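The residues making up each chain are set out below.
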Amino acid sequence: MENPFWKCFNFDKKSKENELVSIIKEVPIFENLPNKALNEIAKIVYHREYKEGEIIFHKGDPGLGMYIITSGQVDIVEDKDGKILRKYATLKAHSFLGEMALLDEKPRSATAIVKEECEALGFFRPDLMDMLQKKPKTGNIILYNLARVIGERLRQTNSELIRLQTRLDNG
Amino acid sequence: MDKNSYDLSKNIQNALWKIFLTILGIVALIFIFPHVRSILMMLIIASIFAAILTPVVNFLERQGVHQSLAILINILIVLGLIVLAISRVIPALIATVETLSSALQSEYITNFEQYIHKILPESIDAGQISTRIVNQLNSLVVNIISGLGSFLKSVGSIFATIAIIPLFTFFLLKDQRKIVQSLVDKIPNKYFELSLNIIYKTGKKISQYLVGKIIQSAIVAALTIIGLLIVNLVFDNPVPPFILIGIIAGLFNMIPYVGPVAGAIPALVIAALNVQTNVITVLIWIAITFFIIQTLDASVIAPLVVSKSVNLHPITVVAVILIGGKLAGILGMFLAVPAAGIIKVIITQVSWGLKAYHLQDIQSPNSSRLNT
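Chains as they are written, first to last, in the numbering used here: chain A, 1 to 171; chain B, 1 to 372.
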């Protein structure tokens with residue numbers, strides 16, 4: 001059995017980093033990055049553990065960055081005065097959320113609340129900006145991937161809009 | 001034993017070990033504190049250096065220089081500048097005081113004292129004014145030099161200070177991210193993003209503010225040197241130690257409102273004692289030079305290089321200078337305004353964060369009926 005005393009000193013750092021790299025490279029935003037760059041990203045992400053019902057971010061909060069869910073489930077909802085009004089989606093392990101905040105500090109468009117105890121990795125805008133200046137090659141690949149992801153989402157939104165418009169037109 | 005109860009006992013064990021180690025750490029800190037005071041002082045000084053050097057290190061990294069090498073280059077340059085300043089400024093200061101002392105014992109001053117003695121025989125003895133001023137000047141130089149020595153001694157032994165502060169600065173710059181990560185790790189999820197945003201913004205603003213202040217002082221020092229050089233060329237060298245006076249004016253400029261006036265006084269005093277004819281004209285031109293530099297500083301330099309968000313109210317400036325002086329003498333007076341600026345940045349960012357972020361809890365999705 002793993003001794004909790006030694007766990008406090010965090011000796012298994014290298015294996016943790018390798019584990020993070022294997023999670024990160026599955027995320028579309030970090031596609032096509034060399035291992036060296038993935039290792040650098042593993043060093044700058046923040047690992048968080050959330051209990052059921054905890055808020056990852058609120059609608060209206062200044063956006064700071066994105067989260068990658070490594071385990072558990074997260075609901076994307078609209079809430080008002082502490083009550084959930086509508087649920088938009090449930091995200092599972094290896095999904096990511098809040099990626100728009102990598103571009104600017106505009107307020108979050110929805111609330112992310114933990115549905116099932118989860119672990120997540122946070123990747124934040126100031127670190128991306130720093131990377132763009134210090135490691136422009138890596139930063140540009142991330143930005144290109146981000147543009148692809150957002151473009152794909154826009155395409156989906158457009159087709160959804162057309163589908164709804166058609167339904168409305170047909171009565 | 002089922003899985004849930006096994007997890008619970010493991011979690012309790014982890015929590016107990018953490019509490020035990022934290023208490024052990026606190027007890028150890030209480031016992032060790034008197035012995036580590038000097039190390040804490042070194043850490044504070046190293047943190048200030050790290051905050052100032054961060055943008056420069058970042059700039060070098062952007063040019064492709066490896067981080068460790070960029071930090072090393074910066075620390076060596078700063079050490080070189082400090083050594084150069086000590087080896088040049090202190091001898092120049094002593095030379096200036098000697099010049100002033102001899103000027104004070106000149107015929108001009110003696111005649112003036114005799115004149116005052118004639119008019120008011122009870123008030124003053126001949127030679128008393130110059131003797132007093134010379135004594136004050138000598139004690140000022142002794143105070144500055146001994147103050148520097150005792151400051152280094154208060155930090156630790158001089159050798160340890162010179163060796164350890166750069167080492168601390170190196171690791172603070174190299175492991176900045178790890179330090180932030182370990183700090184943020186302990187913050188509850190509810191306040192995580194708020195705290196991280198505040199840390200990012202505060203760090204950036206403090207660095208901008210300190211670097212802005214240094215650039216502003218350097219420009220003011222350079223302009224003062226150029227201005228006094230022109231005055232020297234036009235009026236037969238009324239302020240011989242113009243480089244030293246420029247550096248002093250630049251340093252005093254760190255202190256708003258009070259600094260610019262204090263920076264002009266040495267130049268005016270030296271010129272008054274040095275010039276035999278047209279004293280008033282020379283003094284007016286020196287005053288005009290300082291006025292032009294201060295106008296340029298207030299209207300062009302400061303708005304361009306120093307963050308507006310750190311503007312302090314004049315009453316606050318005077319109050320913090322007095323407090324700084326009371327706590328740590330001349331050095332405290334110099335550090336008081338930047339320290340107040342840093343505190344203002346932190347308070348501004350924390351209050352922004354508390355207003356911008358929603359911190360209320362909401363009903364768990366599993367316990368509520370959702371409209372999907």
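Some hints could be false.
Said to hold, decoys possible - In silico DSSO-like cross-links for lysine-lysine, where the CA-CA straight-line distance does not exceed 27 Å:
#1 51(A) to 18(B)
#2 174(B) to 25(A)
#3 59(A) to 10(B)
#4 190(B) to 51(A)
#5 135(A) to 205(B)
#6 186(B) to 43(A)
#7 18(B) to 80(A)
#8 36(A) to 205(B)
#9 92(A) to 16(A)
#10 135(A) to 355(B)
#11 186(B) to 137(A)
#12 16(A) to 59(A)
#13 174(B) to 59(A)
#14 190(B) to 87(A)
#15 134(A) to 190(B)
#16 355(B) to 25(A)
#17 10(B) to 135(A)
#18 92(A) to 174(B)
#19 190(B) to 16(A)
#20 92(A) to 344(B)
#21 355(B) to 43(A)
#22 106(A) to 174(B)
#23 59(A) to 201(B)
#24 186(B) to 16(A)
#25 51(A) to 355(B)
#26 18(B) to 135(A)
#27 190(B) to 83(A)
Said to hold, decoys possible - Here are the in silico distance ranges between beta carbons for each label pair:
#28 83(A) to 295(B): 41 to 47 Å
#29 158(A) to 180(B): 35 to 41 Å
#30 22(A) to 257(B): 57 to 63 Å
#31 257(B) to 83(A): 51 to 57 Å
#32 152(A) to 292(B): 45 to 51 Å
Quick caveat, the hints were computed from the structure, so don't treat them as lab data. Source: prediction; values computed, not measured. C-beta: ideal position from N, C-alpha, C; glycine also.
Going down the list of hints, with the structure as the test:
Pair hint residue 51(A) plus residue 18(B) holds up; C-alpha atoms about 19 Å apart against a cutoff of 27 Å. For the hint pairing residue 174(B) with residue 25(A), the CA-to-CA distance comes to about 26 Å; that is within 27 Å, so the pair holds. For the suggested pair residue 59(A) and residue 10(B), the alpha carbons sit about 35 Å apart, so the restraint of at most 27 Å is broken. With a C-alpha separation of about 11 Å, the suggested pairing of residue 190(B) with residue 51(A) holds against the 27 Å cut-off.
Annotation: proposed proximity of residue 135(A) to residue 205(B) holds, straight-line Cα distance about 23 Å (limit 27 Å). Between the alpha carbons of residue 186(B) and residue 43(A) the distance comes to roughly 17 Å, so the proposed pair stays at or under 27 Å and holds. With a C-alpha separation of about 37 Å, the suggested pairing of residue 18(B) with residue 80(A) is violated against the 27 Å cut-off. Proximity of residue 36(A) to residue 205(B) is assessed by CA-CA distance (about 31 Å); at most 27 Å being required, the pair is judged violated.
Proximity of residue 92(A) to residue 16(A) is assessed by CA-CA distance (about 21 Å); at most 27 Å being required, the pair is judged to hold. Straight-line distance between C-alpha atoms of residue 135(A) and residue 355(B) comes to about 34 Å, which puts the hinted pair past the 27 Å bound. Straight-line distance between C-alpha atoms of residue 186(B) and residue 137(A) comes to about 33 Å, which puts the hinted pair past the 27 Å bound. For a cut-off of 27 Å, the pair hint linking residue 16(A) to residue 59(A) is broken: about 32 Å separates their Cα positions.
Distance hint between residue 174(B) and residue 59(A) is unfulfilled; the C-alpha atoms sit about 36 Å from each other, more than 27 Å. Using a Cα cut-off of 27 Å, the hinted pair residue 190(B) and residue 87(A) holds, with the two alpha carbons roughly 21 Å apart. With a C-alpha separation of about 31 Å, the suggested pairing of residue 134(A) with residue 190(B) is violated against the 27 Å cut-off. Distance restraint check for residue 355(B) and residue 25(A): the Cα-Cα separation of roughly 36 Å exceeds the 27 Å cut-off, and the hinted pair is therefore not satisfied.
For the hint pairing residue 10(B) with residue 135(A), the CA-to-CA distance comes to about 42 Å; that exceeds 27 Å, so the pair is violated. Between residue 92(A) and residue 174(B) the CA atoms are separated by roughly 36 Å; this puts the pair beyond 27 Å, and the hint is violated. Distance check on the hinted pair: residue 190(B) and residue 16(A) sit about 24 Å apart at the alpha-carbon level, within 27 Å; holds. Note on residue 92(A) and residue 344(B): the hinted pairing is violated, with a Cα-Cα distance of about 42 Å set against a maximum of 27 Å.
Distance check on the hinted pair: residue 355(B) and residue 43(A) sit about 31 Å apart at the alpha-carbon level, beyond 27 Å; violated. Taking the CA atoms of residue 106(A) and residue 174(B), the gap is near 31 Å; set against the 27 Å cutoff, the hint is violated. Distance check on the hinted pair: residue 59(A) and residue 201(B) sit about 21 Å apart at the alpha-carbon level, within 27 Å; holds. For the hint linking residue 186(B) to residue 16(A), the alpha-carbon distance of about 18 Å falls within 27 Å, and the restraint holds.
For the hint pairing residue 51(A) with residue 355(B), the CA-to-CA distance comes to about 25 Å; that is within 27 Å, so the pair holds. Taking the CA atoms of residue 18(B) and residue 135(A), the gap is near 38 Å; set against the 27 Å cutoff, the hint is violated. The straight-line distance between the Cα atoms of residue 190(B) and residue 83(A) is roughly 17 Å, inside the 27 Å bound, and the hint therefore holds. A beta carbon spacing of about 59 Å between residue 83(A) and residue 295(B) contradicts the range 41 to 47 Å that was offered as a hint.
Range check, residue 158(A) to residue 180(B): Cβ separation about 40 Å, and the 35 to 41 Å hint holds. For residue 22(A) and residue 257(B), the hinted distance range of 57 to 63 Å is satisfied, since their beta carbons lie about 58 Å from each other. Residue 257(B) and residue 83(A) have their C-beta atoms about 53 Å apart, which keeps the hinted 51 to 57 Å range intact. Between residue 152(A) and residue 292(B) the beta carbon distance is about 60 Å. The supplied range of 45 to 51 Å is therefore violated.
In summary, the structure is inconsistent with hints 3, 7, 8, 10, 11, 12, 13, 15, 16, 17, 18, 20, 21, 22, 26, 28, 32 from the numbered list given earlier, while agreeing with the others.
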